[in-house]
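Top to bottom, those sequences are chains F and Z. All residue numbers for the first sequence refer to our numbering, where the first residue is 9 and numbers rise by one. All residue numbers for the second sequence refer to our numbering, where the first residue is 205 and numbers rise by one.
Warning: the hint list may mix true and false statements.
Taking lysine to aspartate or glutamate and the DMTMM-like style, the derived pairs with C-alpha atoms no more than 20 Å apart in a straight line are [claimed, not checked]:
| id | chain 1 | residue 1 | chain 2 | residue 2 |
| --- | --- | --- | --- | --- |
| 1 | Z | K311 | F | D242 |
| 2 | F | K100 | F | D242 |
| 3 | F | K383 | Z | E484 |
| 4 | Z | K311 | F | E125 |
| 5 | F | K285 | Z | D253 |
| 6 | F | K10 | F | D244 |
| 7 | Z | K398 | F | E125 |
| 8 | Z | K311 | F | D244 |
| 9 | Z | K313 | F | D244 |
| 10 | F | K383 | Z | E401 |
| 11 | F | K69 | F | D140 |
| 12 | Z | K313 | F | D158 |
In short, the hints are calculated from the structure, not lab data. All of these numbers come straight from a predicted model, not from anything done at the bench.
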Amino acid sequence: MKIHEYQAKELFRKYKIPVPEGGVAYSADEALGVAEKLATLPVVVKAQIHAGGRGKGGGVKPARSLKEVRSIAGEIIGMNLVTHQTGPGGQKVKKVLVEQGLNIDRELYLSVVPDRETATIVIMASEAGGMDIEAVAAETPEKIIRVHVDPLAGIQPFHCRRTAFGLNLSPAVMKAFNRMITDLYHLFVDYDCSLVEINPLVITKEETIIALDAKVNFDGNALFRHKDILAYRDLDEEDPLEVEASKFNLNYINMDGNVGNMVNGAGLAMATMDIIKQAGAEPANFLDVGGGANAEMVENGFRIILSDDKVKGILINIFGGILRCDILATGVVQAAKKIGVTVPIVIRMEGTNVEEGRKILAESGLNLITAVDLKDAAEKVASIVN
Amino acid sequence: MSIFADRNTRLLVQGITGNEGKFHTRQCIEYGTNVVAGVTPGKGGQKMDDVPVFDSVREAAVHTRANCSMIFVPPPFAADAILEALDAGIELIVAITEGIPVMDMMKVKNLLKHSGSRLIGPNCPGIITPGKAKIGIMPGNIHLPGGPVGVVSRSGTLTYEVVHQLTRQKLGQTTCIGIGGDPVNGTNFIDCLKAFEADPETRAIVMVGEIGGNAEEEAAAFIADHVSKPVVGFIAGLTAPPGRRMGHAGAIISGNSGTAQGKIAVMKEAGIHVCENLGELGEVCAEHF
Numbered sequence: 009m010k011i012h013e014y015q016a017k018e019l020f021r022k023y024k025i026p027v028p029e030g031g032v033a034y035s036a037d038e039a040l041g042v043a044e045k046l047a048t049l050p051v052v053v054k055a056q057i058h059a060g061g062r063g064k065g066g067g068v069k070p071a072r073s074l075k076e077v078r079s080i081a082g083e084i085i086g087m088n089l090v091t092h093q094t095g096p097g098g099q100k101v102k103k104v105l106v107e108q109g110l111n112i113d114r115e116l117y118l119s120v121v122p123d124r125e126t127a128t129i130v131i132m133a134s135e136a137g138g139m140d141i142e143a144v145a146a147e148t149p150e151k152i153i154r155v156h157v158d159p160l161a162g163i164q165p166f167h168c169r170r171t172a173f174g175l176n177l178s179p180a181v182m183k184a185f186n187r188m189i190t191d192l193y194h195l196f197v198d199y200d201c202s203l204v205e206i207n208p209l210v211i212t213k214e215e216t217i218i219a220l221d222a223k224v225n226f227d228g229n230a231l232f233r234h235k236d237i238l239a240y241r242d243l244d245e246e247d248p249l250e251v252e253a254s255k256f257n258l259n260y261i262n263m264d265g266n267v268g269n270m271v272n273g274a275g276l277a278m279a280t281m282d283i284i285k286q287a288g289a290e291p292a293n294f295l296d297v298g299g300g301a302n303a304e305m306v307e308n309g310f311r312i313i314l315s316d317d318k319v320k321g322i323l324i325n326i327f328g329g330i331l332r333c334d335i336l337a338t339g340v341v342q343a344a345k346k347i348g349v350t351v352p353i354v355i356r357m358e359g360t361n362v363e364e365g366r367k368i369l370a371e372s373g374l375n376l377i378t379a380v381d382l383k384d385a386a387e388k389v390a391s392i393v394n
Numbered sequence: 205m206s207i208f209a210d211r212n213t214r215l216l217v218q219g220i221t222g223n224e225g226k227f228h229t230r231q232c233i234e235y236g237t238n239v240v241a242g243v244t245p246g247k248g249g250q251k252m253d254d255v256p257v258f259d260s261v262r263e264a265a266v267h268t269r270a271n272c273s274m275i276f277v278p279p280p281f282a283a284d285a286i287l288e289a290l291d292a293g294i295e296l297i298v299a300i301t302e303g304i305p306v307m308d309m310m311k312v313k314n315l316l317k318h319s320g321s322r323l324i325g326p327n328c329p330g331i332i333t334p335g336k337a338k339i340g341i342m343p344g345n346i347h348l349p350g351g352p353v354g355v356v357s358r359s360g361t362l363t364y365e366v367v368h369q370l371t372r373q374k375l376g377q378t379t380c381i382g383i384g385g386d387p388v389n390g391t392n393f394i395d396c397l398k399a400f401e402a403d404p405e406t407r408a409i410v411m412v413g414e415i416g417g418n419a420e421e422e423a424a425a426f427i428a429d430h431v432s433k434p435v436v437g438f439i440a441g442l443t444a445p446p447g448r449r450m451g452h453a454g455a456i457i458s459g460n461s462g463t464a465q466g467k468i469a470v471m472k473e474a475g476i477h478v479c480e481n482l483g484e485l486g487e488v489c490a491e492h493f
């Protein structure tokens, strides 16, 4: 789960991690109010959307006067911000963060991430702050410091020292920096984060250290023990069909193509999308109704796919294991009759009780196209949409 | 022969009295697995069908000499269940549960390193040695006993699809293992490849991976250096968009890493016969095995 920068900074404040003074505003007037309260100029007006790359897209601008705060905030709020992470459609900006400007001396990069292969928590740092860290890692990997922390032992002072010396920090800021890493680590662990990132981390000319930006992502599997974080969810940042699917515990991701597809199991669902593409068509979605899907989940999945206007044909691929094909066929037929299907449907079923399942589909009176195997199914649905 | 599970497996089921635990325990018994005990704290002394239920894993292990545990405990309590099995010295722990927090699994994984137990999963279909023992939720009837193929996969139903195609080609399986779709898991590809390489009855291997992480890349390097048997590989997620979690918690492309294209290139380089179209996997195996 992702949250906004201003929300991440609220969490930082809770852990005494220094952030610039500032406040969130939903209109130009409110932005002006925040700036007046800050009583310092210049300030920075920052679009609050989940995607990264906001500065390059024109969503982060300095304001040198109160008048400018108002005009810039008015410009950014309501704009359709396009960044490399939003896709060409962009994301509508509904709020901005207004913050004090800083006297920047150095810009660093600092993050805490889990490392899946070693099952450790990694502190990543670099002197190349304020840049795309992926690019730094690809072009100049030697500029990135990685310190692995065993989650059973937790963070130790030497982890902090290694990071600090690696960044060539001056003695004046080292103590504050070490405290900051320790606090970040604890925030990461306490809240089951999947990423805590500060880019850039600023050392000011006054030799203070401040998190100019803040990004925090959470492990969706652990949200059951962080009810306070759920309040940070912003549905405006999510695809409406994905929001709808999440209500029924369906794994659904909206994509650009026109072949809707419904599959049981995530791996098989990905492979089904791939085979649609290999047959010359494009998947409209990823939809995993679960390895143990029931008729109700099939029905809800169906409804969500059909409410997507792009969809010109549907491929249902079910490998009946524990869930028998006859039960699934019944579910599909019921759902199709109830919802009223407007596009051709190709069904490929395999596994337990497949003959009974096929018979139910054939006798349903619905215009369902059955496929003998996966390849046949993909080719049939591709020829329909092309 | 087979790996990790066979007729000597004495299975206990943690979470045996829940709906899923009950259902799948019955399926395992029906397949012929020797289920000796169940564990549900507070329900010790009861029975699930003919299976005695105990309050703790240690107690169940002492009374029944169980050497393997299958876990159906819900995600908030699953890491604790794994650690309880570990503490009781259970040799093979198969965690079916989906949705365990990564932080919990990181701790479990670090404790596993210092134990004699093997963990399969979590978020996996389990392990089956066709005709001998089924420890998991996979449909037993699609499998063909006797080998020669060993199957290892990060997925559930995708593995069933692969096994089904193998069976249709009359290619039997020695053991099929689902290592799970989570970012942090117990047994990995390399553990399974090592065991398949050492198993005389396994004469060919199918490895099914997906986007996210670099387990397939590491496995490919291992295969190039240490595996003499033919390997057919498949990677799901060629069309997956970056930055999105594709159902499995571990199936996510971060930046430029973990892409299907990258994995396939590395696997081909390592001499693995990569099948890029799932519809043709059975035929590709028949050709190479």
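Each hint, compared with the structure:
With a C-alpha separation of about 31 Å, the suggested pair K311 of chain Z and D242 of chain F falls outside the 20 Å cut-off, and the hint is violated. Using a Cα cut-off of 20 Å, the hinted pair K100 of chain F and D242 of chain F holds, with the two alpha carbons roughly 13 Å apart. Between the alpha carbons of K383 of chain F and E484 of chain Z the distance comes to roughly 8 Å, so the proposed pair stays at or under 20 Å and holds. Pair hint K311 of chain Z plus E125 of chain F holds up; C-alpha atoms about 13 Å apart against a cutoff of 20 Å.
The straight-line distance between the Cα atoms of K285 of chain F and D253 of chain Z is roughly 48 Å, outside the 20 Å bound, and the hint therefore fails. At most 20 Å may separate the alpha-carbon atoms for a hinted pair to count; K10 of chain F and D244 of chain F meet this at roughly 12 Å. Restraint check for K398 of chain Z and E125 of chain F: satisfied, since their Cα atoms lie roughly 18 Å apart, inside the 20 Å limit. Only pairs whose Cα atoms come within 20 Å are accepted, and K311 of chain Z paired with D244 of chain F is rejected, the gap being roughly 35 Å.
Between K313 of chain Z and D244 of chain F the CA atoms are separated by roughly 37 Å; this puts the pair beyond 20 Å, and the hint is violated. A C-alpha spacing of about 32 Å is found between K383 of chain F and E401 of chain Z, which places the hinted pair above 20 Å, so the restraint is violated. Between K69 of chain F and D140 of chain F the alpha-carbon distance is near 19 Å, which keeps this suggested pair within the 20 Å criterion. Of the supplied pair hints, the one linking K313 of chain Z and D158 of chain F holds, its CA atoms being roughly 11 Å apart against a limit of 20 Å.
Consistency note: the structure conflicts with the earlier hints numbered 1, 5, 8, 9, 10.
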